[in-house]
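K.L.:
Working from the sequences, and respecting the hints, build out all of it.
Residue numbers (my numbering), protein chains in the order written: chain A, 1 to 234; chain B, 235 to 341.
One thing to keep in mind: the hints can contain errors.
Heads up, incomplete: computed chain A residues facing chain B, CB under 8 angstroms, no partners named [said to hold, decoys possible]:
| no. | residue |
| --- | --- |
| 1 | Ile42 |
| 2 | Ala54 |
| 3 | Pro102 |
| 4 | His111 |
| 5 | Ser209 |
When the alpha-carbon atoms are kept at most 30 angstroms apart in a straight line, the in silico DSSO-like pairs for lysine-lysine are as follows [unchecked claim]:
| no. | chain 1 | residue 1 | chain 2 | residue 2 |
| --- | --- | --- | --- | --- |
| 6 | B | Lys265 | A | Lys187 |
| 7 | B | Lys320 | A | Lys105 |
| 8 | B | Lys269 | A | Lys16 |
Hints are computed from structural coordinates only; laboratory data are not their basis. Each residue gets a CB set at the ideal place from its N, CA and C atoms; glycine is no exception.
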Amino acid sequence: MIKKEFFFKGYKSILKPDSPAIALGCCFIAIGALLKNIGFNIQESIFSTMIIYALPGSLVMAESILIGASLLSIFIAVWFVNARLYPMAVSLFPLMMDKSQPKWKYYLSCHFIAVSAWLIMKSNYETIEKKDRVDFWIGIGSATWSVAVLATIIGFYLSDYLNKDMLMGLAILNPIYFTCMMVGAMKNIQVSLSVILGSILGPVFYFFSPEWSILLGGLVAGTVAYYFGEKDVN
Amino acid sequence: MSINIILSILVTSLATYVSRFLGVLSSVRIKEESKVFRWFNCLAYATLAALIARTIVFPVGTLSDASYLSRVLVVLISLGIFFITKKNFVYPTIFSAISIGMINNYF
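P.N.:
Here you go:
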């Protein structure tokens, strides 16, 4: 089963003063308020954060419900916006694959992949032995996931008291926090180029296709960054 | 309406889980030291950056109420604070949340 020692070590990693939990919590407060405004009840709001647990996913779903989009178009729109979860998984899970661990842990804990947990794991995995990393990851994921669910509940009930400026504040906080975290992670040429090119190409590709902009922008920017990084090393 | 909401939640959940699950399946065959791993690391950072930049430049939801100029100003000032405070994540984040409303009133 899960080793408690590493699980709690992961769980506690969100308690640091500069923890992503603050930004994560604030933006899910905004989501809770948004869901209430579009007509979700409290059970539906909690349920959606629990099983979606992807901020852009919830946002796209809310927008789609408002315009009355079909289920198929919701699926496609959400999938496109969240396709980043695939490279995020592939650049994280090989770090914790170990034969001594059962597969179900990986299949279930991939639900916890989100920017916050991913960045915490990326900056801490080296301190944990490979065979224990998945337990550590489940700890981080459970912690960030519970923050998101709690914040959704808070946001739902606070929504009547939040004015437009407060909601805007809650909404900008998340991209700002992650922009800083990404700039902080720019320690080698590959990551630096990926972040810089990605942030330019994402919006540029939006002019050609809003749906494909993140996927294509990320693919081109990441590949160019990889190529130059490899060339630089050689 | 309620059934529609539940169905939308389930469909959204499925659409996010697909990418996560396929990622794990692919991870089984990818070694930590391999070139493919490094490539995907670049792709992950690049798609994240693309997503965040898109959220700021072409926002959906509440953020679209703030003007373009105010959003860009908040990002630039926050990054400035981030570097001045020796890469502290908290100060720029708090600054952005408090200032966006005020800056939006002027620009």
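K.L.:
Give a verdict on every hint.
P.N.:
Quick rundown of the hints versus the structure:
1. Ile42: Because about 12 angstroms separates isoleucine 42 of chain A from the closest Cβ in chain B, which is outside the 8 angstroms limit, the hint is violated.
2. Ala54: This interface hint holds because 5 angstroms falls under the 8 angstroms limit.
3. Pro102: Violated, about 13 angstroms.
4. His111: This hint holds: histidine 111 of chain A lies near chain B, its Cβ roughly 6 angstroms from the closest one there, short of 8 angstroms.
5. Ser209: violated, 12 angstroms
6. B/Lys265 / A/Lys187: With a Cα-Cα distance of about 22 angstroms, the restraint between lysine 265 of chain B and lysine 187 of chain A holds, given a limit of 30 angstroms.
7. B/Lys320 / A/Lys105: violated, 38 angstroms
8. B/Lys269 / A/Lys16: Distance ~33 angstroms between lysine 269 of chain B and lysine 16 of chain A Cα, so the pair is violated.
Going down the numbered hints, you'll see the structure goes against 1, 3, 5, 7 and 8, while the others check out.
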